[in-house]
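So the sequences go chain by chain: A and B. As numbered in UniProt numbering, residues 1 to 344 make up the first sequence, in order. As numbered in UniProt numbering, residues 1 to 344 make up the second sequence, in order.
Don't read these hints as lab results, they were simulated from the structure. A portion of the hints provided could be inaccurate.
Pairs of lysine-lysine, BS3-like flavour, derived with a Cα cap of 27 Å [claimed, not checked]:
(1) Lys148/A x Lys255/A
(2) Lys132/A x Lys148/A
(3) Lys285/B x Lys295/B
(4) Lys285/B x Lys181/B
(5) Lys181/B x Lys132/A
(6) Lys323/A x Lys251/A
(7) Lys40/A x Lys28/A
(8) Lys28/A x Lys285/B
(9) Lys296/A x Lys148/A
(10) Lys148/B x Lys251/B
(11) Lys190/B x Lys251/B
(12) Lys246/A x Lys285/A
(13) Lys296/B x Lys181/A
(14) Lys132/B x Lys14/B
(15) Lys132/A x Lys4/B
(16) Lys190/A x Lys251/A
(17) Lys285/B x Lys246/B
(18) Lys295/B x Lys246/B
(19) Lys251/B x Lys28/A
(20) Lys132/A x Lys132/B
(21) Lys251/B x Lys295/B
(22) Lys148/B x Lys295/B
(23) Lys148/B x Lys40/B
(24) Lys181/A x Lys251/A
(25) Lys4/A x Lys132/B
(26) Lys40/B x Lys40/A
(27) Lys251/B x Lys40/A
(28) Lys190/B x Lys28/A
(29) Lys148/B x Lys296/B
(30) Lys40/B x Lys148/A
(31) Lys148/A x Lys40/A
(32) Lys132/B x Lys148/B
(33) Lys28/B x Lys14/B
(34) Lys28/B x Lys40/A
(35) Lys148/A x Lys295/B
(36) Lys296/B x Lys246/B
(37) Lys190/B x Lys255/B
(38) Lys246/B x Lys190/B
(39) Lys285/A x Lys28/B
(40) Lys181/B x Lys246/B
2 protein chains.
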Amino acid sequence: MTLKDIGEFGFIEKISRGCFIRSQNILKAIGDDAAAFTTKADEVILITTDMLVERVHFLRNTTSGFNLGYKSLAVNLSDIAAMGGTAKEAFVSIAIPEACPLEYLEDLYRGIKSLAAEFDINILGGDTTGSKTDLIINISVVGAVPEKEILYRHTAQPGDIIFSTGCLGDSRAGLQLILNKTVADSEELKALFNAHILPWPYLEEGRFLAHQGGVHAAIDVSDGLSSDLGHIIRESNAGARLYAEKIPVSKNLQKFCTRFDADPLEYALGGGEDYMLLCTISPDKADSVARDYLKKFGQPIYPIGEITDSGETELVFPDGRIKSVAPSGWNHFKIPASRLLFVH
Amino acid sequence: MTLKDIGEFGFIEKISRGCFIRSQNILKAIGDDAAAFTTKADEVILITTDMLVERVHFLRNTTSGFNLGYKSLAVNLSDIAAMGGTAKEAFVSIAIPEACPLEYLEDLYRGIKSLAAEFDINILGGDTTGSKTDLIINISVVGAVPEKEILYRHTAQPGDIIFSTGCLGDSRAGLQLILNKTVADSEELKALFNAHILPWPYLEEGRFLAHQGGVHAAIDVSDGLSSDLGHIIRESNAGARLYAEKIPVSKNLQKFCTRFDADPLEYALGGGEDYMLLCTISPDKADSVARDYLKKFGQPIYPIGEITDSGETELVFPDGRIKSVAPSGWNHFKIPASRLLFVH
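Work the whole structure out from these sequences, hints included.
See the structure below:
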């Protein structure tokens, strides 16, 4: 069954079920010219948006509808997390090729709704339309944050300790497995695969960090550690020093690198889509924030270096060698076609 | 020159110029994980979003970049107008085929920015990415409206007078000209052509109407009078009676219909994309609102019928005949392919 069989309004009716899960502050959800809602008086509104395009970001025959829907929302939630906010409302635009099976689309919305429900997020609107060739999804997410707690990119200060909320490089390894059509024949490979296709948005963690005094700047790792840290130092007019042995790498990635003769550090620095948060914390607060974070989430945040005033990112090796690190992350228009298949 | 030559960040830098034109209430525009802004305490936030897809909504070789950008924003502004709101911030996501000339894209952003500037709207963010075949644009617009003045679809009341802010059917005629590759050899045909490609969003008019007492419901004519009025009566659990001779038809459309042997009433009822506002006004306020509207805008609003409790739309002809009107507007998945080329 395809959309032609039930029409645009039949489809909208079908997918609208389960979109509206929190009525507080909502005056109008799906069903009018625009959605209408209020925010609290002291809150700032955050808005982010991401577009995923078939044959650029995913292949329909290797990506389930559920995973595609999940990830389309997850990447937006990660942006709200990186601002220290709470995600509130989502808007889903979709362009659907004529032959796309209805089952795939329903599965896609299940993926979106399942993640939305985890964080009490409404789907308040969107647009459904046709497409000649490719399936396209654009999701916009509205969040809220107290004005004094917004985490920007441009507010890192020399001396700040740089932290990551988790291990880096797993997603890049998972992508590699997909590209090479490697069968995930072990728990390790499955975990890497999942790091790529079902990334977890660090919303609660971002909110927690934003609420602590002394957290100066944050970004999510979507393009890769070197690239995203590059955004922070460029916007903050600063520099950074990273310690190679401190950059957290999972056991799964280590095993992967042993098996496929690869360098974990390269994956951690250059691989994108980990969706960990990078944040910079004032040195006098770093220990206490890290301790409180561990207590709250049962997981550590990892200190990986510090903000400097050098204007560049240096990588310090255990033997004392220092290497300058250029941003090596994602650029949609300057990358080899082979990387254009699944990522970002 | 294409995007490959300047890269994603080069492109973003290029198009970011002129996006940020109003700093009031804005904490962060383009350049962080999300945009951040505040609204006034007593205001409701409105959000709408629309996606335009190449070969479905437009053909790149017959639609200039400027017109495409203008219309992509205009259709969203019209939705904010139909809620009685003021448009504030826009977010532009775009997926760009590799071979798309940079000049076309710059022209597209000129179209967006030109209309945005008319209404003091910031472009606060978006996403730029690649596409294999088609150019895709998704724009989301944030608006604001005082809570007591929101114009919904579901609040029409039997007895209300139905008004249109302008003539109907011109856009459909303009589309016909484009589809038939008719040369616009007269001022009349040019006006119809422009009604289709450069529709004017009735933002100031919608705001004015919302602020008057007695305006109960509103919608913009995107799918066609019969279809959009159908939304109002279905959501309001009401009916409608239209008077054929009162439905405003431009002289341009009349001349077009004489020349091409067509029925203006059919164009007015079934043609979409006029982006006039339909509103329903309490009978005791209708005259004064219409008078004040004329005084303010120098243009009339046209009474075309009234809300009933019949559950359907009836069309009354001057000779007393009554015809039931079924919604005949746009459905993205059930229409002939020939209509899929430019519209909505």
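Outcome of the hint check:
no. : hint                : verdict
1   : Lys148/A x Lys255/A : violated (43 Å)
2   : Lys132/A x Lys148/A : violated (46 Å)
3   : Lys285/B x Lys295/B : holds (15 Å)
4   : Lys285/B x Lys181/B : violated (45 Å)
5   : Lys181/B x Lys132/A : holds (22 Å)
6   : Lys323/A x Lys251/A : holds (25 Å)
7   : Lys40/A x Lys28/A   : holds (17 Å)
8   : Lys28/A x Lys285/B  : holds (26 Å)
9   : Lys296/A x Lys148/A : holds (22 Å)
10  : Lys148/B x Lys251/B : violated (38 Å)
11  : Lys190/B x Lys251/B : holds (13 Å)
12  : Lys246/A x Lys285/A : holds (19 Å)
13  : Lys296/B x Lys181/A : violated (66 Å)
14  : Lys132/B x Lys14/B  : holds (22 Å)
15  : Lys132/A x Lys4/B   : holds (24 Å)
16  : Lys190/A x Lys251/A : holds (13 Å)
17  : Lys285/B x Lys246/B : holds (19 Å)
18  : Lys295/B x Lys246/B : holds (21 Å)
19  : Lys251/B x Lys28/A  : violated (38 Å)
20  : Lys132/A x Lys132/B : holds (12 Å)
21  : Lys251/B x Lys295/B : holds (23 Å)
22  : Lys148/B x Lys295/B : holds (24 Å)
23  : Lys148/B x Lys40/B  : holds (14 Å)
24  : Lys181/A x Lys251/A : holds (22 Å)
25  : Lys4/A x Lys132/B   : holds (24 Å)
26  : Lys40/B x Lys40/A   : holds (10 Å)
27  : Lys251/B x Lys40/A  : violated (50 Å)
28  : Lys190/B x Lys28/A  : violated (39 Å)
29  : Lys148/B x Lys296/B : holds (22 Å)
30  : Lys40/B x Lys148/A  : holds (17 Å)
31  : Lys148/A x Lys40/A  : holds (14 Å)
32  : Lys132/B x Lys148/B : violated (46 Å)
33  : Lys28/B x Lys14/B   : holds (18 Å)
34  : Lys28/B x Lys40/A   : holds (19 Å)
35  : Lys148/A x Lys295/B : violated (46 Å)
36  : Lys296/B x Lys246/B : holds (22 Å)
37  : Lys190/B x Lys255/B : holds (12 Å)
38  : Lys246/B x Lys190/B : holds (25 Å)
39  : Lys285/A x Lys28/B  : holds (26 Å)
40  : Lys181/B x Lys246/B : violated (31 Å)
Hint compliance for this structure: hints 1, 2, 4, 10, 13, 19, 27, 28, 32, 35, 40 are broken, all remaining hints hold.
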